[in-house]
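Could you slot chain B onto chain A? The hints should help.
Top line first, the protein sequences correspond to chains A and B.
The C-terminal residue of the first sequence carries number 456 in this note's numbering, and the numbering is unbroken.
The C-terminal residue of the second sequence carries number 456 in this note's numbering, and the numbering is unbroken.
It is worth saying that the hints were derived from the structure and are not from the lab.
Take every hint as true, because none was put in to throw you off.
Partial chain B-side listing against chain A, Cβ under 7 Å, derived:
no.	residue
1	Lys15
2	Ile18
3	Arg19
4	Arg22
5	Asp46
6	Tyr47
7	Ala51
8	Met54
9	Ala55
10	Phe58
11	Ala189
12	Thr190
List of simulated lysine-lysine pairs, DSS-like, C-alpha gap at most 27 Å:
no.	chain 1	residue 1	chain 2	residue 2
13	B	Lys20	A	Lys59
14	B	Lys75	B	Lys15
15	B	Lys307	B	Lys319
16	B	Lys405	B	Lys428
17	A	Lys15	A	Lys41
18	A	Lys59	B	Lys15
19	B	Lys59	A	Lys235
20	B	Lys428	B	Lys361
21	B	Lys15	A	Lys15
22	B	Lys235	A	Lys59
23	A	Lys405	A	Lys361
24	B	Lys15	A	Lys20
25	B	Lys45	A	Lys41
26	A	Lys75	A	Lys390
27	A	Lys41	B	Lys15
28	B	Lys45	A	Lys59
29	B	Lys20	A	Lys390
30	A	Lys15	B	Lys20
31	B	Lys41	A	Lys45
32	A	Lys15	A	Lys59
33	A	Lys45	A	Lys75
34	A	Lys45	B	Lys20
35	B	Lys45	A	Lys45
36	A	Lys41	A	Lys390
37	A	Lys75	A	Lys235
38	A	Lys423	A	Lys390
39	B	Lys15	A	Lys45
40	A	Lys356	A	Lys428
Note that beta-carbon positions come from the ideal geometry of N, C-alpha and C, so glycine has one too.
Spelled out from the first residue to the last, the chains are:
Protein chains: 2
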Amino acid sequence: MQAKELIRKKREGLEHNPKELATLVDTFLKGELKDYQMAAWLMAVFFKGLSAAEMHTLLQLMWKSGSTLPRRHRNDYWIDKHSTGGQGDKTSIILVPLVTAVLRRLFGPHCARIPMVSGRGLGRTGGTLDKLESVPGFRTDLTLDEAMALLENNDFFMMAQTADFVPADRLLYSLRDATATVDSIPLMACSILSKKLAENVDGLVLDAKLGCGAHLANPEDGRKVARLLVDLARGAGVDTVAIFSRMDEPLGYKVGNHLELEECADFLSGTRRERGLREVVLNLAGLMVMLASRRKLSLQEAIVECEKELEECVCMDVFRQMFESQGGNWHLFEQNRGILRSEMKFYVAKSPYPGYLQSINASEVGQLINELGGGRNAKEDSIDPFVGIEFERKVGDRIEKGQSIATVYYRKLEQEKLIEHRLTNAFTISSSAIAQSPWVLGMVE
Amino acid sequence: MQAKELIRKKREGLEHNPKELATLVDTFLKGELKDYQMAAWLMAVFFKGLSAAEMHTLLQLMWKSGSTLPRRHRNDYWIDKHSTGGQGDKTSIILVPLVTAVLRRLFGPHCARIPMVSGRGLGRTGGTLDKLESVPGFRTDLTLDEAMALLENNDFFMMAQTADFVPADRLLYSLRDATATVDSIPLMACSILSKKLAENVDGLVLDAKLGCGAHLANPEDGRKVARLLVDLARGAGVDTVAIFSRMDEPLGYKVGNHLELEECADFLSGTRRERGLREVVLNLAGLMVMLASRRKLSLQEAIVECEKELEECVCMDVFRQMFESQGGNWHLFEQNRGILRSEMKFYVAKSPYPGYLQSINASEVGQLINELGGGRNAKEDSIDPFVGIEFERKVGDRIEKGQSIATVYYRKLEQEKLIEHRLTNAFTISSSAIAQSPWVLGMVE
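Looking at chain A on its own, in the form it has when it is part of the complex (with noise of 0.2 Å):
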């Protein structure tokens, strides 16, 4: 079938076959149906949609497009984590070391592993890669073999894709980008699914963010995803479990690079742990632990082990490894953190009025870091790893006039404008007391 005739059956909304899928992605890949027909096509998915079959084979498609992982041993359990993505949604590197941790207690070293290839940054969204990258020599640019070793030794690496890692989805999601689809469900499911197939994993976890912040604003689309993302992937033989978790208020006490990085040190250490990140951390954890028990562990006993854990602070042990096993200076990162507080400019947002505060909308936060420079708009730009926010009080808690609410880390004077202006924007102040409400709403399981 030629590439006008499979946009054109897309386009009707008809249903392809597996061979006509498996023409549009090789030709597609060696070049010959174009980049314009490639775009058309999404956007016909945009509309039409993928039936649960098509989307089977395009995900087995994308993800064998190129490299993956390969398991030398019979009998570690491989497990993962993806978050569809938020502001101050620092999860992966809390989780990392404390599962890491809480598996090689329970079941002793090398018995499971965790092969992370993570993202950055888009829009207001901030990336993983880009939070690790604050600790000065951090390299996510992995090799191949490079990160091999490091899972052989230490049994988890933290890694940007390699150029040979998944290229559909590589190729694909660029088009996306520059064509306004990446938005559509299906493309999305397959997209994020195919990177972690091609990890090869036994089991995976999904955080499907919820709310103003999250990239689906209406929960019901951030229900479906998850549950479409589940059903996928246990179709392609991984054990899959998903929590939907508010991204309506940004995670944790701080959004931005360098800042994130700090809090999950402060987690792990146990000198400060926001209420939202404890019980998204814990849940996920919990989740990992249990699947990776081959659910032997029942989740409410994965979740005491990581509490245990948490309170014994072994992991930060593996959180420093983390760092140093891949050229990261945690001590110059220490130092760093005062030099965030002596060459930034910082603006302290002070309630004008006593109350309780209401809401910080998660997307006037994650707009403000990134038209700061504290994001990217293009995956070209270089973002600020210093700009960012610290709140002092969060949803629910009271605050006195005059007290001071978040403070933001910025660079030029100008911005003083816009950021009184988001946050304008951002906080709404309450004359009576708000209920706290739980951040996990629900669990695929």
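The following block gives chain B in isolation, referenced to the frame of chain A:
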């Protein structure tokens, strides 16, 4: 507004303001907005459409994107005709000499002119330029200067789009052709009219084809397009009328490039005039004369003038002038009629039983001519001008058992199976008499 924001806006079904459309077209022409982004936008338009205001703006941007025909005189009336295309539709080649002869007689030379920029055939639909080029030496690739000199002296020309004539349409059309977005009604309307507006005409007659052989198989769509085209062209200041005419059966006795030109000569000379072709030609010619009279003549009066012209056949001189002034060798063309008979294979379709010819499926006939090499699938394909089909009987005619219905001219023996197959699909013979239906089904005045 960024390219992807423009795409997103159309994807959401929102209306672009004129500035946004100007950005879209300008950045596309400069190569800043990429082919794949335009392809995604075009597919979004396929699904979400364009408002009347958007079409008006897009049309203006398109026709002004390159050179247009300069108007040197104040009082000459410029008129053109456009058909949405079908099988055996050779009316333009008859109309140019016929209407020129009528207008010269009625109003004197140089009072009205026909600057006709035509297209080529694609798929099952033939094109005026391909038909004209069956006359050896005939040049359709005139420069703008050559065309203007012809218009000045002869009051007409028939030529192909030059590189600088409506470049926005040329680029958009190639993209649409490669991405299955040709049959979007608003894009089709802007494409058709952009070329006519760039001719700088005062009046325009449209022939919207309805039926299985037309671009739009659905008659309701055909009528909608005709109304839309008339509204859009009038909104741009061109006095415009449209007819709907049948394209369920091929028009005239002959389909195929060389054969159709023969039929034009036979029609103008009075040798042979098929009923349907006569009806469509007289209506279109009448409307052209009516408009060129600045609506001083009614359609009925104008048709009477055209009928008178057909009786006297002065237009045969203009017909020969048309070819000779653009390098065509009419004598050689006439000689080639003999070659056609001697060099081609021919297949005679005979009726298996007596009855009445109930239908000749125009789409099947178009497909057949295309498959035999008389049409093209891609723009760069060459065509065989001698391939074609000649009907001895048309819909409604009585046929006896074994009597021949049509003769197909082809090159390769192995094509016989294909011909048999297509003709079996194309012809339906009924035992009861069929009422002859009119060819012109309606009018937008």
